[in-house]
Amino acid sequence: MTTLANGFKVIGTRPIRHDGVDKVTGRAIYGADMQMAGLLHGRILRSPIPHGIIKSIDVSKALALPGVEAIVTSAELTDPGNRIAELGEGAVNLKDLSSNCLARGKVHYKGQAVAAVAAVSPNIAEEALKLIVVDYQTLPHVTDVRAAMRDDAPLLHDDQVTESLGQPTGKHSNIAKHIQFKKGDIDEGFKQAAVVVEREFHTATVHQGYIEPHNATALWNADGTVTIWCSTQGAFSVRAQVAELLAMPVSRIKVVPTEIGGGFGGKIRVYLEPVAAALSKKTGKPVKITMNRADVFEATGPTPGSYIKVKMGADKDGKLVAAQAYLAYEAGAFPGSPIGPGAMCIFACYDIPNVHIDGYDVVVNKPATSAYRAPGATNAAFASETIVDELCEKLKIDPLDFRIKNGAREGTRRADGPIFPLVGLVETLEVAKRHSHFLSERQGDKETRRQGDEKMGSSPCLLVSLSHPLLPRGRGVASGFWFNCGLKSSASASVNSDGTVSLVEGSTDIGGSRTGIAMQLAEALGIRADEVRPVVGDTDAVGYCDVTGGSRVTFATGWAAYEAAQDIKRQMITRAAFIWSVTSEEVAYENGSLRCLVDDTKRLTFKELAEKLHATGGTIVGRASVDPQGVGGAFATHIVDVEVDSDTGKVTILRYTAVQDVGKAIHPSYVEGQIQGGAVQGIGWALNEEYFYNDQGTMANASFLDYRMPTSLDLPMIEAVLVEVANPGHPYGVRGVGEVPIVPPPAAIANAIYNAIGIRMEELPMSPGRVMAKLLAKKRA
Amino acid sequence: MPKKIHVETTINGKPMEFLCEPRQSLLEVLRDEARLTGSKEGCNNGNCGACNVILDGRLVNSCLVLGPEVQGKTVTTIEGIASAQGLHPLQQKFLEHAALQCGICTPGFIVAAKALLEKNPKPSEEQVRHWLAGNLCRCTGYDKIIRAVLDAASVGA
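The listed protein sequences derive, respectively, from chains W and V.
Counted from 1, the first sequence has number 397 at position 397 by this note's numbering; the numbering is strictly sequential.
Counted from 1, the second sequence has number 19 at position 19 by this note's numbering; the numbering is strictly sequential.
It is worth saying that the hints were derived from the structure and are not from the lab.
Every residue, glycine too, gets a C-beta built ideally from N, C-alpha and C.
The reader is advised that the hints may include incorrect statements.
Stated by the list, open to error - Examples of chain V residues lying across from chain W (beta carbon under 10 Å, computed): (1) THR10; (2) PHE18; (3) ARG35; (4) GLU79; (5) LEU90; (6) ALA98; (7) ARG129; (8) ALA133; (9) ILE145.
Isolated chain W, as found in the complex (with noise of 0.2 Å):
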């Protein structure tokens, strides 16, 4: 194998993947996809209000349907109490976790799952939904985050009180928690300031999106054991909820993780798992559950909406000197909203002197929030990086020199504590400012725009571009940062007698990590990424893994395979010597291939010593579990193009490039891919996406089509730019890479939209209609 610039010969380059065939054949097995002798179809009565009290349930005219098996409610589910639990995907409220899968006795929020029905066909167990009477007592609602936070807002939990600092302060309000986060003087620091920067943000509540609704197959055998199929980005996770939730111990669950159409962090807590486990020991047959796409978009996911309010200050060199956010997170029906995370990384790109921050997680009417791609980090970025470009207007400073200027480097402390190891923001702003997209022209002249155009050699929307040349057009950065995760992680891999390597690994593949994997496996071994077949273990088959999260897999899996192969190399090493009959000390492990120090004649390769393994003492098989601590932190500058049809106000994308530190990219294809995805959903959420609640507390475009994530139609091709800062604690300097770009592109977007047409955009999505409204003031004015 030759070995390639980098100094690696696996590692950088582009396999195919080995699950590849599969999914482009049809063949690939998703949870929905399960199917079994005596299979039943389970389907989920949803609250139609979104706060009442549920007074009564009467089933008796549905179970008595032909066809309907069994009919079961929180009543079937062991009341946990009111206790927190940490299980794997942080703490959780398992009373709230509980209610959220079958509601006790009052629901907060409309399709909040209320009974759930066993039935021959999915057919007759909606029709059996039907026949289901619930007799509610209706109270009022909220769901917009600061009318929930007023004295007088309806309460969704009577015993809920607000915690602050840590402390119960023994007010009853919707309000969660408030926490805050201080550093330096903030006072001293605005007195320090030749400009300041003050304004309010608003977000929308939006969803994960994922393609594949969430399901669930689960038979509850004779014995008392529970297997459970479902997509999921942890199967430990679901066992550890599940065990909770039917007060039984873990080892009489076990759950196999399907292929999964897709998570970002909407795919971690339970919903129908322990529902279909109980509708199976009910009727002794296995139940399988899916969710209609009206059900993901009311009961599951999203992420928060929130309130923003941002103040900074820089002194007349361009130097920060202070900045202080109030940040308010709609947690939904439970607490429990990204608030810390979105508190930790506002002004996380920045060395800032005095800062202040506070963060107020609070419940609305709506479904419980769940984690979606650097969950928090969306909302408070499109806050301060818009603030940060009018620092950069009112300085007259180029904005990424501006950032160069005051970014966060190793050794910079956050205000939430921590202090930066080695990270690549600077590097990423360096690079941005080279790329030939920032270099480009960036307005002028009709003839200007249209080399533009040919230069840029993707596709703006032809029809706008070309039936309004003179439109107006902007350019806009923004920076951002997210956290890695370290977390827990297990693999093991045997030697196969023709040389390959057979990996299981406990992380479920969203995007293709299991290549990822075992491209770090290979490389440690010394053999072909197609050399090794990795595969994703169900719970009894691999050590305990963690879930597919915090941009963690292929750094901490990935270590895992790479200490599995360290494992295996250790045991190739004590058999060559055993058939050389010299000592282990006197065998060297070297490109693949085994060398005895003492006699140079005496070499086997990879596979030809796992040819003999059979007959000298059995395969090999290489284990490693582990927690690894040297995470790096996440970061990527984003450049967008855009035009503003002053007609309509929609804003299309011209041209988008996304300048990330990778660490090291594995995979490069599979890194980049990561990058324009989460580019793009930004630009939905920045664009388009948002729930929008009628007066009856409902969602009014429960629909792909009415919600409107971005089509292939409304983008031009994504240049993802790769820079890598090696983290200095993986073995080979991997960082995650999976959540950051989600995080720039609405301040990027917005900065493009000021540029564009000097209208600052205070709220998302900045829809046509909200940008219309905006340009239409400005006309007035």
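Based on these hints, arrange chain V on the given structure of chain W.
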């Protein structure tokens, strides 16, 4: 329950018959009766394209076609795109360009792209983007999908 209807059709080149309820969609029939689960349900109302099949030469969302409607017709699903000789060039190019991440939308995109290239063997980028606007992908941002389709067209898929 309404009486089931007997339907004779051709799926992926092979004659086939099945019984289905009048209300069952072609997608349900393909997945539950024919056990061809490569066609995916993302929305069940024609918005996402994950269930795309080719019906008598025309690209359709199989969730919007009723099972009995395929009587006497020809259906091509994702399972009928590759042959015994190997993958279709579109499938190969999707792999080479890493044009899939989670893969749930991939069958629909490949079927839709095949229908496009049958009508227009050398589409421009704009034409590919326009044609595939009925297929939602949430993972890739479409970049690598568009490149894969254009590359497949360039090798005469």
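Query - Given hint GLU79 (chain V) near chain W, where the shortest CB pair must fall under 10 Å - result: holds, 5 Å
Query raised in the report: Hey, does the LEU90 (chain V) contact hint survive, CB to chain W under 10 Å?
Result: holds, 8 Å
Requested in this report: For the hint on PHE18 (chain V), just tell me whether its beta-carbon gets within less than 10 Å of chain W.
Outcome: Given a least distance of 15 Å, the restraint on PHE18 (chain V) is violated.
Query - ALA98 (chain V) as chain W interface residue, shortest Cβ-Cβ below 10 Å - result: Constraint on ALA98 (chain V) satisfied, holds at 4 Å.
**Report entry** Hint check: 10 Å Cβ-Cβ cutoff, ILE145 (chain V) to chain W
**Finding:** ILE145 (chain V) check passes; min Cβ-Cβ to chain W is 7 Å, inside 10 Å.
Query - Restraint satisfaction for THR10 (chain V) [CB to CB of chain W, less than 10 Å] - result: violated, 18 Å
Query raised in the report: Was the hint right that ALA133 (chain V) lines chain W, CB cutoff 10 Å?
Result: holds, 4 Å
Requested in this report: Identify whether the interface hint at ARG129 (chain V) stands, where standing means a beta carbon of chain W within less than 10 Å of its own.
Outcome: holds, 4 Å
Report task. Closer than 10 Å between Cβ atoms is the bar; does ARG35 (chain V) clear it against chain W? Give me holds or violated. Result -> holds, 7 Å
Checked against the numbered hints given earlier, the structure breaks hints 1 and 2 and satisfies all the rest.
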